[in-house]
Amino acid sequence: MIKYLVLVLIGLGGGVTVGNAVAAFFTILLIMPRLIQITDTRDKIKIYKYMLIISSVFSIIIYFFDLKLYLSKLITVPIGFILGIFVGLLSSALAEVLNVIPVLSRKLKIKNSLKYVVWALLGGKVAGSLFYWLLLK
Amino acid sequence: MDKEKVYLKINKKATVEPDKIVYLKDIGEVYSTNDKLKKDIENIKIIDRHNKEDWGYISAIQIGQKVLEKHSNVDLELIGETEVLLEFKNKEEKKPFWEFIKVAFVCLVLFFGGALAIINFHEDVNTRKTMKDLYYFFTGVEQENPLLLVIPYSIGIGFGVMIFFSKIFSPSLRRKKEPGPMEIELYQYELDMEDTILNDTKNNKGS
Numbered sequence: 005m006i007k008y009l010v011l012v013l014i015g016l017g018g019g020v021t022v023g024n025a026v027a028a029f030f031t032i033l034l035i036m037p038r039l040i041q042i043t044d045t046r047d048k049i050k051i052y053k054y055m056l057i058i059s060s061v062f063s064i065i066i067y068f069f070d071l072k073l074y075l076s077k078l079i080t081v082p083i084g085f086i087l088g089i090f091v092g093l094l095s096s097a098l099a100e101v102l103n104v105i106p107v108l109s110r111k112l113k114i115k116n117s118l119k120y121v122v123w124a125l126l127g128g129k130v131a132g133s134l135f136y137w138l139l140l141k
Numbered sequence: 006m007d008k009e010k011v012y013l014k015i016n017k018k019a020t021v022e023p024d025k026i027v028y029l030k031d032i033g034e035v036y037s038t039n040d041k042l043k044k045d046i047e048n049i050k051i052i053d054r055h056n057k058e059d060w061g062y063i064s065a066i067q068i069g070q071k072v073l074e075k076h077s078n079v080d081l082e083l084i085g086e087t088e089v090l091l092e093f094k095n096k097e098e099k100k101p102f103w104e105f106i107k108v109a110f111v112c113l114v115l116f117f118g119g120a121l122a123i124i125n126f127h128e129d130v131n132t133r134k135t136m137k138d139l140y141y142f143f144t145g146v147e148q149e150n151p152l153l154l155v156i157p158y159s160i161g162i163g164f165g166v167m168i169f170f171s172k173i174f175s176p177s178l179r180r181k182k183e184p185g186p187m188e189i190e191l192y193q194y195e196l197d198m199e200d201t202i203l204n205d206t207k208n209n210k211g212s
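Heads up: the protein sequence lines correspond to chains A and B, in order.
Using our numbering, you'd call the opening residue of the first sequence number 5 and step up by one each time.
Using our numbering, you'd call the opening residue of the second sequence number 6 and step up by one each time.
Derived by calculation from the structure, the hints in this document are not laboratory data.
Some clues are possibly wrong.
[As the list claims (entries may be wrong)] Derived DSBU-like pairs (lysine-lysine); straight-line CA-CA distance at most 30 angstroms: (1) B/K107 <-> B/K71; (2) A/K115 <-> B/K134; (3) B/K57 <-> B/K41; (4) A/K119 <-> B/K71; (5) B/K94 <-> A/K113; (6) B/K10 <-> B/K96; (7) A/K77 <-> B/K94; (8) A/K113 <-> B/K18; (9) A/K53 <-> B/K30; (10) B/K94 <-> A/K119; (11) A/K48 <-> B/K181; (12) A/K119 <-> B/K100; (13) A/K113 <-> B/K75; (14) B/K207 <-> B/K30; (15) B/K207 <-> B/K18; (16) B/K137 <-> A/K53; (17) B/K57 <-> A/K72; (18) B/K107 <-> B/K75.
[Stated by the list, open to error] So, partial list: chain B residues that the calculated Cβ filter (under 7 angstroms) puts toward chain A: (19) V11; (20) Y12; (21) W103; (22) I106; (23) G145; (24) L153; (25) S159; (26) G163; (27) F164; (28) L191.
Positions of the beta carbon are idealized from the N, C-alpha and C atoms, including for glycine.
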């Protein structure tokens with residue numbers, strides 16, 4: 005009996021730690037603030053918060069249980085697109101990208117051409133991803 | 006006779022051409038009710054010709070001293086910064102071809118760098134398995150490479166990057182003027198750099 009109690013405690017402790025880490029990850033990255041700024045929905049921040057909590061629980065259910073929905077294959081198209089948007093935001097929000105571009109633009113004095121630079125970055129990411137899925141095995 | 010009140014607002018940074026004498030009006034603003042006095046003070050010489058591109062620095066106290074040497078009968082009020090960073094910089098001539106080369110270089114680096122980064126990221130977090138699991142969850146079919154899921158995903162990445170960096174699309178001018186993360190980061194970087202240069206120049210003068 006006591007064995008199970010200890011296991012439950014360990015699981016709970018680990019879960020709290022990981023949950024905190026996920027929340028911290030989302031807060032530190034600029035993804036949520038940026039989306040809120042774009043949509044101008046600062047007052048709806050509570051909904052977004054609950055959404056994150058629901059999504060964490062949902063993802064755990066998918067991960068640990070053998071569930072399937074038997075939906076049409078086409079449903080994966082919009083889902084893939086949305087997943088991609090998130091990863092695009094994530095990879096741009098990582099501090100490295102945001103720090104490299106100012107340094108490069110300053111060193112080479114190309115402040116006025118930054119939009120091309122961003123497009124190059126964007127194209128590179130899409131090309132890299134397509135390359136990974138279609139050609140790399 | 007009463008002393009005339011003169012307000013002197015000093016800028017944080019001034020960009021001046023190296024082959025010109027720096028006057029007070031180049032590094033700040035003067036206000037006084039006496040127009041002639043204002044003109045006089047604006048044309049006080051602060052620094053001589055420098056003759057080469059460089060960074061310099063002058064403190065508000067030194068500026069105040071120069072003003073009081075010329076006009077001892079003014080009541081000087083300093084507002085604004087306590088020191089100015091001076092950037093001696095020649096007028097830039099446009100070199101469109103060189104600019105193009107530089108932009109092309111940065112674009113190439115970022116294109117291939119971005120591609121490498123996203124591939125590394127996929128390998129790192131084992132996206133292949135995640136995508137397979139997700140495809141299985143939604144459709145109930147085990148598929149090794151679910152193209153129907155991952156091609157829209159790849160296009161979505163592009164949209165995500167665009168959403169992150171692009172300016173806001175809105176009819177409101179107020180919303181359009183909000184800067185993106187890149188503009189903020191650029192500005193922050195420049196501020197930090199100027200601060201560091203100011204600090205370095207100060208320390209070098211002391212030793």
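Verification of the hints:
1. B/K107 <-> B/K71: Roughly 44 angstroms separates the two Cα atoms, so the pair is violated.
2. A/K115 <-> B/K134: Measuring from Cα to Cα gives roughly 41 angstroms; hence the hint is violated.
3. B/K57 <-> B/K41: Violated: B/K57 and B/K41 sit about 33 angstroms apart, past 30 angstroms.
4. A/K119 <-> B/K71: Outside the cut-off at roughly 45 angstroms; violated.
5. B/K94 <-> A/K113: Holds, because 14 angstroms separates the two Cα atoms, which is no more than 30 angstroms.
6. B/K10 <-> B/K96: violated, 36 angstroms
7. A/K77 <-> B/K94: At roughly 62 angstroms apart (the allowed maximum being 30 angstroms), B/K94 and A/K77 break the hint.
8. A/K113 <-> B/K18: holds, 19 angstroms
9. A/K53 <-> B/K30: violated, 52 angstroms
10. B/K94 <-> A/K119: holds, 26 angstroms
11. A/K48 <-> B/K181: Within the cut-off at roughly 21 angstroms; holds.
12. A/K119 <-> B/K100: Holds, at about 19 angstroms.
13. A/K113 <-> B/K75: At roughly 41 angstroms apart (the allowed maximum being 30 angstroms), B/K75 and A/K113 break the hint.
14. B/K207 <-> B/K30: With Cα atoms ~23 angstroms apart, B/K207 and B/K30 stay inside 30 angstroms; holds.
15. B/K207 <-> B/K18: holds, 14 angstroms
16. B/K137 <-> A/K53: With Cα atoms ~28 angstroms apart, B/K137 and A/K53 stay inside 30 angstroms; holds.
17. B/K57 <-> A/K72: At roughly 72 angstroms apart (the allowed maximum being 30 angstroms), A/K72 and B/K57 break the hint.
18. B/K107 <-> B/K75: Not OK: B/K107 and B/K75 at ~49 angstroms, beyond 30 angstroms, violated.
19. V11: violated, 37 angstroms
20. Y12: It is violated, given that the least Cβ distance between B/Y12 and chain A is near 34 angstroms, above 7 angstroms.
21. W103: Violated - the Cβ of B/W103 stays beyond 7 angstroms from chain A, reaching only about 10 angstroms at its closest.
22. I106: Status violated, d = 10 angstroms.
23. G145: At about 4 angstroms, which falls below the 7 angstroms cut-off, the nearest Cβ of chain A leaves the hint on B/G145 intact, so it holds.
24. L153: Status holds, d = 5 angstroms.
25. S159: holds, 4 angstroms
26. G163: Nearest chain A Cβ about 4 angstroms off; hint holds.
27. F164: At about 5 angstroms, which falls below the 7 angstroms cut-off, the nearest Cβ of chain A leaves the hint on B/F164 intact, so it holds.
28. L191: Holds. Min distance 5 angstroms.
Hints 1, 2, 3, 4, 6, 7, 9, 13, 17, 18, 19, 20, 21 and 22 from the earlier list are contradicted by this structure; the remaining hints agree with it.
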